[in-house]
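Residue numbers (the numbering used here), protein chains in the order written: chain L, 10 to 260; chain S, 312 to 981.
Simulated from the structure, these hints should not be mistaken for laboratory data. Accuracy of the hints is not assured; some may be wrong.
[What the hints assert, rightly or not] From the derived model, a few chain L residues whose C-beta atoms are all more than 12 Å from chain S: (1) ASP23; (2) VAL45; (3) ASP92; (4) ALA144; (5) GLU175; (6) GLU193; (7) LYS208; (8) ILE220; (9) GLU258.
[To be verified] Partial list, computed: chain S residues near chain L (C-beta under 8 Å): (10) GLU585; (11) ALA586; (12) PHE590; (13) VAL693; (14) ARG699; (15) ALA703; (16) ARG711; (17) SER712; (18) PRO719; (19) ASP721; (20) MET724; (21) GLU794.
From the three backbone atoms N, C-alpha and C, an ideal C-beta is built for every residue, glycine too.
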Amino acid sequence: MSFLVLVPTKRVPDTDGVIRVTPDELDVDTSHLSFVINPFDAIAVEEALRLRERREDVEVVVVGIGGEAYEDELRTALAMGADRAIRVDAAEPLDPWNVACILSELARRLEPRLVLMGKQAVDDDSAQTGQFLAARLGWPQATFASRIDDSDHGAEVARETDHGIETLSVTWPAVITADLRLNEPRYASLPGILAARGKPIEEMSLEELGIEIEPRVELVGLQQVSSQRTGQQLETVTELLECLRENTELF
Amino acid sequence: MPTETLTREIFGNIGTVPKMIFYALAVIAGLIAIKTAWPRIRRWRSGRAVDSRHSAGQTVRAIFARVLSQSTLNRTRPAASRAHRCLFGGFAVLTLGTVLIAVEHVAALLAGREADQPVFHKGLYYAIYEPVMDLAGLAVLFGAGWFLVRRRRGDASIGHRGSDWMVLFALLFLGASGFLVEGLRIIEADSPGRWVSFVGAAVAGGLESVGVTREAAVVIHQFTWWLHAVVALGLLAAVPSTRLWHAVAGGVLLSRHPERPLGTMTPVTIEEVEATGVFGISQMDHLAIRQLVSLDACVSCGRCQDECPAHAAGKPLSPRQVVQDLAGQLRGIGSDSTPALAGGVVSEETLWSCTSCSACVEVCPLGVDPLELIIGMRRHLVGAGAVRGPAATALQKLGRSGNPWGLPPDQRMDWAEGLEVPTVDDQPDFEVLYWVGCAAAYDRQSRRTARAMVRLLQVAGVRFAVLGERERCTGESARRMGEEFVFAELAAHNVKELGQHDVTRIVTHCPHCLNSLKHDYPDAGGHYEVVHHSEFLSTLVDEGRLQVDRSAAETVTFHDPCYLARVNGIVDAPRDVLAATGAQLDELPRHGCRTACCGGGGGRMWLDDGPEDRVGRDRIKEITTAGAETVVVSCPFCRTMIGDGLATEGHSANVVDLAEVLFESLEETG
Numbered sequence: 010m011s012f013l014v015l016v017p018t019k020r021v022p023d024t025d026g027v028i029r030v031t032p033d034e035l036d037v038d039t040s041h042l043s044f045v046i047n048p049f050d051a052i053a054v055e056e057a058l059r060l061r062e063r064r065e066d067v068e069v070v071v072v073g074i075g076g077e078a079y080e081d082e083l084r085t086a087l088a089m090g091a092d093r094a095i096r097v098d099a100a101e102p103l104d105p106w107n108v109a110c111i112l113s114e115l116a117r118r119l120e121p122r123l124v125l126m127g128k129q130a131v132d133d134d135s136a137q138t139g140q141f142l143a144a145r146l147g148w149p150q151a152t153f154a155s156r157i158d159d160s161d162h163g164a165e166v167a168r169e170t171d172h173g174i175e176t177l178s179v180t181w182p183a184v185i186t187a188d189l190r191l192n193e194p195r196y197a198s199l200p201g202i203l204a205a206r207g208k209p210i211e212e213m214s215l216e217e218l219g220i221e222i223e224p225r226v227e228l229v230g231l232q233q234v235s236s237q238r239t240g241q242q243l244e245t246v247t248e249l250l251e252c253l254r255e256n257t258e259l260f
Numbered sequence: 312m313p314t315e316t317l318t319r320e321i322f323g324n325i326g327t328v329p330k331m332i333f334y335a336l337a338v339i340a341g342l343i344a345i346k347t348a349w350p351r352i353r354r355w356r357s358g359r360a361v362d363s364r365h366s367a368g369q370t371v372r373a374i375f376a377r378v379l380s381q382s383t384l385n386r387t388r389p390a391a392s393r394a395h396r397c398l399f400g401g402f403a404v405l406t407l408g409t410v411l412i413a414v415e416h417v418a419a420l421l422a423g424r425e426a427d428q429p430v431f432h433k434g435l436y437y438a439i440y441e442p443v444m445d446l447a448g449l450a451v452l453f454g455a456g457w458f459l460v461r462r463r464r465g466d467a468s469i470g471h472r473g474s475d476w477m478v479l480f481a482l483l484f485l486g487a488s489g490f491l492v493e494g495l496r497i498i499e500a501d502s503p504g505r506w507v508s509f510v511g512a513a514v515a516g517g518l519e520s521v522g523v524t525r526e527a528a529v530v531i532h533q534f535t536w537w538l539h540a541v542v543a544l545g546l547l548a549a550v551p552s553t554r555l556w557h558a559v560a561g562g563v564l565l566s567r568h569p570e571r572p573l574g575t576m577t578p579v580t581i582e583e584v585e586a587t588g589v590f591g592i593s594q595m596d597h598l599a600i601r602q603l604v605s606l607d608a609c610v611s612c613g614r615c616q617d618e619c620p621a622h623a624a625g626k627p628l629s630p631r632q633v634v635q636d637l638a639g640q641l642r643g644i645g646s647d648s649t650p651a652l653a654g655g656v657v658s659e660e661t662l663w664s665c666t667s668c669s670a671c672v673e674v675c676p677l678g679v680d681p682l683e684l685i686i687g688m689r690r691h692l693v694g695a696g697a698v699r700g701p702a703a704t705a706l707q708k709l710g711r712s713g714n715p716w717g718l719p720p721d722q723r724m725d726w727a728e729g730l731e732v733p734t735v736d737d738q739p740d741f742e743v744l745y746w747v748g749c750a751a752a753y754d755r756q757s758r759r760t761a762r763a764m765v766r767l768l769q770v771a772g773v774r775f776a777v778l779g780e781r782e783r784c785t786g787e788s789a790r791r792m793g794e795e796f797v798f799a800e801l802a803a804h805n806v807k808e809l810g811q812h813d814v815t816r817i818v819t820h821c822p823h824c825l826n827s828l829k830h831d832y833p834d835a836g837g838h839y840e841v842v843h844h845s846e847f848l849s850t851l852v853d854e855g856r857l858q859v860d861r862s863a864a865e866t867v868t869f870h871d872p873c874y875l876a877r878v879n880g881i882v883d884a885p886r887d888v889l890a891a892t893g894a895q896l897d898e899l900p901r902h903g904c905r906t907a908c909c910g911g912g913g914g915r916m917w918l919d920d921g922p923e924d925r926v927g928r929d930r931i932k933e934i935t936t937a938g939a940e941t942v943v944v945s946c947p948f949c950r951t952m953i954g955d956g957l958a959t960e961g962h963s964a965n966v967v968d969l970a971e972v973l974f975e976s977l978e979e980t981g
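With the rest of the complex left out, here is chain L (with noise of 0.2 Å):
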């Protein structure tokens, strides 16, 4: 049996967007929007690609939830890689439970060794969804993974705390979740796209699964941050100082 490696991906407004509140408050308007995979995503699908570098009899695949925009970034993590990819057709916003949920259904049917994702989402960064995965599955986990040292049985997983790096010992199957510094992801091009093109992308939908959503958080609104900047630039340290002592209770 093949060791299977699930790496389920988000796709998110682009990090260098400006996120625009929509005049009801309810959504981010995104007409001017480009996507991309969740940059924790894509260094999670680029581990599992390390992974079946070094591994024999590794096959990797990608997992989008959501519509049919849903594909480009499942191609572009095919055309990184990626053996095969499933996009369960929901509507969205999910919240991390329902994911969790979807996921651990899928998990059941495919009996992968591994769901290695990123730490959260670049969006909504509730960084839940894996610790719902593992929870829901009783496998083990290590999230915030910076190093994933693999071995026949598991893996010794290094990650980032507020303390320092602290080294999981995982059995598998497990969860693991991927933090920034675990690796760089590759550059997926055209060409790479273009040869992506015939690996396939299995549809599946949620009676299928047979899962039906109860969202458990409800958005109530979204509120946009002013960006005015106040700033002004000082000549002096004095007048610096000076500054901080009328405008601060720092003195």
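Using the hints provided, position chain S relative to the given structure of chain L.
Just chain S, lined up with the frame of chain L:
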């Protein structure tokens, strides 16, 4: 002495049987040359036939204009170039002379004449022929001698192979033995007017003075004649297997293949990539015929390496080595086990070191184009996903946001705040489109260039417009990084926008945008008249549309951008503008078309380098040594690279664009 009696016997002192043996040996030598040349020529023909070739007429013209004239040698290394002219010229004349002798010999045989009754090898013809041949012999001696001395010194900038010594000694020997044979023949034949062959006569005089009699000369002449003949025929047979082959391959390259203007690239379409599965160069059979010929033409003279700014900065790139490394793979063509070229034979780091400054292409006397090979291999790296770090990030940002900083397109007009800059929508009947470029749109330093530029245009009353938020990066650096498809996407967008607004004339302050719009966009279906702002402003000053106050003159230095000066030949216009402001120009040692690269081209602008590793460090030294307070630039990349470089050196010189200098000197602004 009357010239009618001047002549000499062809094959004098050489009997009929030795003559026959000589001709037989000549045929054998020719056959050996053809036999060894044929596999090489067949290798060329295995290349991809992607480019146009000269017609017969153009080929003949090019043979005279580029090969026989040796005009492509002019650019650097005057001493070596002179020695080469001597060697080449001397050898060519001697070869021609030998052919004429053969013609005479055959003609005399056919006419049934005696050996001492030549058909045309006599009289005035002879009186010219002999001294010319002697001069040619001296030239060969000088050339071969000069190259031997240089090689003896162990010059590391030229390639060294064992056979190089053999070739040069053989040439030296041919020159020397030729004169010896001539001198001995003069003693032996005692033909009239010996001083016509002045070197031979001198040799004869010398030999006679050491006691060589006519009887002795008859014997020694035959011996040296044979030595001379055998070495000459041996050299002929060895042409395809020594560096002499460069004369054939280089001749073919220079005469058969049209010169490609600097700054142009070979396009590749997505359809081609889909059909062939090949993107860029990763194997020898991905090379075009012209490129395969060029690998054989490279004689490893090192002129390109002398000029390479990446090599000077200690990067692992030498254009010569790239070409030689690929040439080393020529033998492997057709076999199954050829190593990968991009990232294998030539390392990734080497390939990413190139700034595409085009100095190597411009300087090569044989028309070799190392830049095209480097970008071809970069294409392969990009296609294979083997591009990481800041290079990959810049390409991704270009693809997503249409500018290398990844900033939103709706911030493209932020630079123009408070200036009332008309867009193509505000001012549809503009006479010229001002192409702003990403640097001036997003980079705080370069914004000053664009702001000065539009104020100049406004003062001069030019009806201009900008594309505004519709503009995207031209894709210039993406293309030179080998990302042909991000370039194609950006170019398609821009060509569409420019077409929709009937743009025919473009002015830009960015030489990279200029070169791309001029040389890259025809590949994407865009044809425009593109002028640099230096040219445009110079015209406005000439026409009196800008009134310049010359009183605030200061001494400045000017840095020529590669893509303006070397690649597009625009050298005078920026100087005219500076002169109009009354500024005293203190020229840098390397200026004009021989400028030195700042390090920002070819996508290197987007690669991280420590201050000590930056390409262009030597240029910064040159600028600080010149000592001017103000460094005038006319390229946004140069502005950043030189500004950063000077700051790193702790140098306080002011880096400004040409447009700012002119704007500051306007009478109105005082």
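- Would you check whether GLU794(S) satisfies its interface hint, that is, whether its CB is within less than 8 Å of any CB in chain L? 7 Å, holds
- Query: Should the interface hint for PHE590(S) be scored as holding, given a Cβ-Cβ cut-off of 8 Å against chain L?
  - Reply: This interface hint holds because 4 Å falls under the 8 Å limit.
- Query: If you take the shortest Cβ to Cβ gap from ARG699(S) to chain L, is it below 8 Å?
  - Reply: 6 Å, holds
- Item | ASP23(L) and chain S, when compared Cβ to Cβ, separated by more than 12 Å | 5 Å, violated
- If you take the shortest Cβ to Cβ gap from GLU585(S) to chain L, is it below 8 Å? 6 Å, holds
- Message: Does the closest beta carbon of chain L sit nearer than 8 Å to the beta carbon of PRO719(S)?
- Response: 5 Å, holds
- Query: Should the hint that SER712(S) touches chain L count as held when the rule is a Cβ pair under 8 Å?
  - Reply: 6 Å, holds
- Query: Just checking, ILE220(L) versus chain S, shortest CB gap more than 12 Å?
  - Reply: At about 33 Å from chain S, ILE220(L) clears the 12 Å cut-off, so the statement holds.
- Query: Is GLU193(L) truly not at the interface, in the sense that its beta carbon sits beyond 12 Å from all beta carbons of chain S?
  - Reply: Non-interface label fails for GLU193(L): nearest chain S Cβ at 6 Å, not farther than 12 Å.
- Should the label of ASP92(L) as a non-interface residue stand, given a Cβ cut-off of 12 Å to chain S? 15 Å, holds
- Distance rule for GLU175(L), whose beta carbon must clear each one in chain S by more than 12 Å: GLU175(L) is indeed farther than 12 Å from all Cβ atoms of chain S, at 28 Å.
- Say whether it holds or is violated: VAL45(L) keeps its Cβ farther than 12 Å from all Cβ of chain S. 7 Å, violated
This entry does not satisfy hints 1, 2, 6, 11 and 20, going by the numbered hints stated previously.
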